[in-house]
Amino acid sequence: MNKILLIIQREYFSRVKKKSFIVMTFLTPLLIAGVYAIIGYFTYKGIKDTHDSVAIVNNNKTLTEKLQTDKNIEYTYIDKNLEEAKKSIGKADYDYILYLPEFTLDAPKGIELFGTKQAGMSLNKRVSGDIEELIRTQKLKESGISQSDLDKLKTEVDISTKKIAETGAEEESSAGASTFIAFTAGVLMFMFIMMYGIQVMRGVIEEKTSRIIEVMISSVKPFQLMMGKIVGIALVGLTQFMLWIVLTLAISTAAVSLFVNKDDVKEIAAAQAQSQATTGNPTMAAAATQAGPIGDIQKSLTGLDVGKIVMVFIFFFLGGYLFYSALYAAIGSAVDSETETQQFMMPVMLPLLLGYALSLSVVTNDPYGSTAFWLSMIPFTSPIAMVVRIPYGVPNWELALSMIILVVGFLGTVWVAGRIYRVGILMYGKKTTFKEMFKWFTYKN
Amino acid sequence: MLSVKNIVKQYATHRALDDVSLEVEKGKIFGLLGPNGAGKTSLIRIITQITAPDSGEVFFNGERLNTKHISQIGYLPEERGLYKKMEIGEQVLYLSKLKGLDSAEATKRIRYWFEKLEMKDWWSKKVEDLSKGMQQKVQFVATVLHQPELIILDEPFSGFDPVNADIIKNEILELNKNGATFIFSTHRMESVEELCDNIALINKSQKILDGTVDEIKASYRSNTYWIEYEGDYPVDSNDIYDVLQTENVKANTLVKLQLKENRTANEALSLLLPHVNIHRLDEVIPTMNDIFIEKVKGKNHE
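Residue numbers (the numbering used here), protein chains in the order written: chain A, 1 to 445; chain E, 446 to 747.
Take the hints with a grain of salt, since some may be wrong.
Claimed, not checked - Computed cross-link-like contacts, DMTMM-like style, restricted to lysine to aspartate or glutamate with a CA-CA straight-line distance of at most 20 Å: (1) E/LYS705 / E/GLU739; (2) E/LYS530 / A/ASP70; (3) E/LYS530 / A/ASP336; (4) A/LYS430 / E/GLU524; (5) E/LYS570 / A/GLU206; (6) E/LYS473 / E/GLU673; (7) E/LYS570 / E/GLU532; (8) A/LYS154 / A/ASP70.
Calculated directly from the structure, the hints in this document are not laboratory data. Because the structure is a prediction, the values reported are computed rather than measured.
All chains should be built: construct the whole structure from the sequences, respecting the hints.
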């Protein structure tokens, strides 16, 4: 036991003391905060600065209501025909020409938008939305509803989603925040398992190629050496993770309080909500939520059980990492150099990638469906699938079952890997095959 | 102190050790010889508990080999290395702590050895900055630092220049004088003759020869002598000896004689003494190298 501690110590400190670790640990939160700041800044600027001027050539006699200018778009009715307007577009003070031909209000057809540059998606949506609104208003007026009644019809609705917990208590929840957390957790989990799993493999290969392995295992058992390395690197991962959380929170809190004006935040949130509604695309909506300023997220976070999410994340990180890193250790022991690892990496990477891809698409769309359930049970995919599901809420029995399966799973992979490892580390110069690895596995003692 | 009894080790298709037994006496330097692939490393790995035999037993000081003996054995493998990015001092400290030394004691001993082997300034150097010979010195220190009773060295001199090889050889002899037992695996027969008390020769998974170096050499004596003399006297075969070879070296003559059965060198000398001036008489004893080659070749040709 004492020897395992010594090995853990060495594996841990030799990595934590490395320059690259220190640089990565301190730079990454800055980078993340920086990226958010940039996205936030440009989203904000983009929404605030959008200003298009659209000249309207109206050939339609039936449409008597007029499009209303607001601070993002300026509508001007001009007294030219379409040809004249097109000719003068470069010189005149409008960027686009909206052509409204003759049509009936029931079937508006042939509306065209000309510009010196291609009109963007958001402008297109905006203008067509405005026209739809215009036609509706006119129809309503024609059926005898007064302007004042129309104004009364405009009510803003803000739905707050609440989840009824098993205890019957209502919990405040936010679909946007959940999706954001789910995405972040999924991506982080994938990154962590990959990064640290590969570090284990590299460590094993290093011991093999530097030929220290035989010196080591004349003092310690191969299994102790393997577990010491795996645990030591897990601690490095946890250290990095904790530092990232602390640093990211510190930096972003500082940034938010320094640079972001509260009113702007609300304005942007509203604008984004609108754009999500019009595009109607859930992934875009999720992306927009992700890209939103940190203040928005922090506000939504209050509805989630952050403590539980972090605990579950840490548990599944450790479990998933142990599960995969044991396999990586076995791969490392079977090869002489990193270039030979390819053929073995594939079968290990595939389930992880599959879990990652499915978790971020299927599971975020339907976190309670059967795909989500099974992905979060099978230990190959459960670390990612479960942390993606957890922000939406997962029944406790499912969580417990998944945890138990994962523990059994990693005990299994550690056992299998240990048997391959003990033989593999002493094999040099032979190209290893799966058949060979299976033979090692079956060796006695 | 170490008895290996009827060890069999079978790998998938080939038998690495086939019923090998040997005894290593306390305080001796034991040479484990054999051509490449004979099974030496497999045997050493069993003694160092890296692998276990399929059958047979190993006893260490009369006790069945177990994990507590790990700290009493020092092993310098042929395929040896160090962590490239780790500082030398820290590295040796780590390796000796794994053998059960505590930090303070290990540090003290490392300083002693580093001083002794002229590597004082190496403590905070990294392995990648050292030459191969320097690395070997570090490895040697790491092997003996925990003062093991049994030290197993696999090709300890490969990679050393003659000066450093000599330094290491003297350290081995000094440790041996202070009571350490050595198992010494090598192909270099000259170092065997210099250092080893006993040897075992393993070929094709089997032990084909063992005993003390002197005994083995004696058993390969063929009653042949070189005699160098001064004087003009023709030496011919007679009923005491056969003349195998005659050479002239400057003013002297050199003859190689093989004594006939039950004749002694004294008889040959008394025959010659009245006629010539004897300068030298040497018995022709085969070198370990000759014996090694003869045994291995003979076996391989069967």
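Here is how each hint holds up against the structure:
1. E/LYS705 / E/GLU739: Roughly 23 Å between the alpha carbons, so the hint for E/LYS705 and E/GLU739 is violated.
2. E/LYS530 / A/ASP70: Roughly 65 Å between the alpha carbons, so the hint for E/LYS530 and A/ASP70 is violated.
3. E/LYS530 / A/ASP336: holds, 19 Å
4. A/LYS430 / E/GLU524: It holds: about 16 Å lies between the C-alpha atoms, which stays within 20 Å.
5. E/LYS570 / A/GLU206: The given pair, whose Cα atoms are some 19 Å apart, holds under the 20 Å limit.
6. E/LYS473 / E/GLU673: Violated, at roughly 36 Å.
7. E/LYS570 / E/GLU532: Roughly 5 Å separates the two Cα atoms, so the pair holds.
8. A/LYS154 / A/ASP70: holds, 17 Å
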